[in-house]
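Engineer: Residues per chain, in single letters:
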Amino acid sequence: MSSPSANASEVLIVSARNGPIAKLTRDEAEQLFLGRRTTLSDGTPVALIDLPAGPVRDRFYLLLTGKNPIQTRAYWSRQVFTGRAQPPREAPSAEQAGNWIATTPGAIGYLPADHADSRLQALLPLR
Amino acid sequence: MIKALRAGGIALVMACTATSTLADAPSIHLSGFGTLGMVAVNQSDIRFIRVGLDHPGAESPDFGPDTVLGIQGNVVFTPRTSMVVQLLSRESPQGDYTPRASLAFVSHSLAPELTVRAGRLRIPFFMLSDSLDINYANPWIRPPVEVYGLNPFSDLDGIDLLFRTRIANADLEIHPYLGRSYIPIHRDGKARLDRLMGVNLTLTTERFTLFVGHGESDLTLKWSDANFSLLTAIVPTEVNRELSGNDGYATFSSAGFQWDDGRWLLVGEYARRVNRRYANSAHGWHFTVGHRFENVMPYVTLARQTEDRPITTASVPAPLEPYLNGFLASRNMAQHSITLGARWDVRRDAALKVELSHTQTRNDSWGSYFPRGNPAITDPRDRAINMLGVALDVTF
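Protein chains in written order, with this note's numbering: chain B, 224 to 350; chain Z, 3 to 398.
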């Protein structure tokens with residue numbers, strides 16, 4: 224799956240093709256990945272998938288939430304340890320993340336544009 | 003995943019499993035946080051104390067005020083219903099580290115924007131109250147005591163609602179809460195809040211957070227330290243009734259903000275507590291400016307607490323005045339301070355912090371300091387105190 228504008232520095236928010244999630248607004252994505260909600264606006268429950276710690280994950284959070292890695296970790300530690308939110312499930316690799324997103328109902332994750340395959344659909348490009 | 007983490011000589015071992023949040027069986031996720039922290043005061047006859055939190059011991063340097071370990075389990079039953087249990091070990095006013103439940107609640111999402119939680123929650127009186135032990139989340143070794151010393155309570159046994167909505171590009175959270183709270187006080191004393199209720203409003207944009215909150219509660223307060231016991235033996239009964247009992251009423255209010263653009267960090271807060279009796283009424287503020295250079299952020303914090311009304315204004319016979327004034331000073335945390343510090347994010351999951359504080363207590367206050375020896379001989383009033391703090395915060 225690639226669009227004419229896709230390039231390696233682009234990060235795509237993706238879900239399973241033909242899954243329950245076909246649309247996602249940027250506001251929804253931001254609130255989900257900041258732990259401020261766990262469902263879409265229409266009530267569809269969402270399971271978030273994180274990439275392992277590294278440059279793609281750092282770039283994703285910077286593009287979506289404007290937070291650098293230190294800010295993101297401090298923010299999420301407050302969300303988790305005050306009991307407000309459960310962090311995204313962390314995949315051990317981008318390949319595994321792709322598998323989980325493709326096979327878990329309601330899963331949303333992000334991948335480098337060149338890692339997205341035909342089992343997945345792009346919901347939102349970030350660059 | 004099994005992971006062993008050594009932090010400053012304390013081995014933190016935990017097992018962590020994560021499974022799909024949408025699977026049929028409940029999924030369990032374990033995580034944790036901790037701080038190994040020490041403080042050293044430049045005057046050998048007094049020690050730093052976080053009133054209601056730690057034990058007035060005699061160690062120097064003292065690992066009691068800041069060292070903490072928390073282990074948390076999140077259990078997801080359904081996409082809408084989950085449970086959180088957090089066990090916390092830190093020095094108690096009795097001087098032990100017995101773990102206790104700091105969170106134990108069930109959370110249910112009534113609607114995408116509305117969550118109800120019931121059980122043991124954290125008291126959210128001030129902007130950072132519900133993350134007071136999660137030092138990794140904060141720039142400082144500990145949130146400034148001039149503000150956060152105004153509320154020693156940590157648990158909220160009760161119920162709350164989290165309503166979150168989007169207004170333009172800002173998230174608004176409305177957080178009403180209801181319940182009760184209890185803390186032991188050195189040595190056999192206690193403090194209790196009953197029929198406690200309040201509401202917080204938090205407005206958050208990408209870089210800016212604005213917080214206002216207000217809570218009120220019935221208060222029961224029983225002191226039991228040597229200073230208090232001596233006093234109750236000599237002052238008239240009507241004065242004693244002002245000092246401790248079960249007919250108090252307290253209010254806690256706060257307004258704060260945070261600006262964090264990735265380079266500059268600005269944090270400020272003003273908080274006030276009003277007591278009808280047993281404890282004093284006071285207000286405090288702090289203001290912090292920090293600047294990030296890659297993984298290191300130096301910062302400076304100014305803070306002040308001022309007493310608005312002492313515990314009692316009753317007059318006693320002249321020979322007893324020094325005793326009463328001494329007692330009132332021991333319960334008056336008024337002080338002002340300047341702190342220079344730095345946070346160094348040494349790894350993804352660890353931050354090392356160093357702080358140097360210069361604090362001035364008043365001629366009618368002990369501030370956040372306590373005599374190491376005999377309170378009748380040592381007097382923390384009207385002192386200029388330097389303190390060094392070093393802490394390593396981890397999450398796992």
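You may find that some hints are simply not true.
Restraint ranges, calculated between C-beta atoms of paired labels, are given here [to be verified]: (1) T267/B <-> S226/Z: 11 to 21 Å; (2) N291/B <-> L180/Z: 30 to 40 Å; (3) K246/B <-> G97/Z: 54 to 64 Å.
In case anyone wonders, no lab produced these hints; they're calculated from the structure.
Nothing here was measured: the structure is a model prediction, and the numbers come from that model.
Ideal placement from N, C-alpha and C gives every residue a C-beta, glycine not left out.
Engineer: Run every hint past the structure and note whether it holds.
Structural biologist: Comparing the hints with the structure gives:
1. Here the CB-CB span from T267/B to S226/Z is close to 55 Å, at odds with the stated 11 to 21 Å.
2. Take N291/B and L180/Z: their Cβ atoms lie about 38 Å apart, and the range 30 to 40 Å holds.
3. Under the hint 54 to 64 Å, the C-beta atoms of K246/B and G97/Z, about 57 Å apart, fit the expected range.
Hint compliance for this structure: hint 1 is the single one not met.
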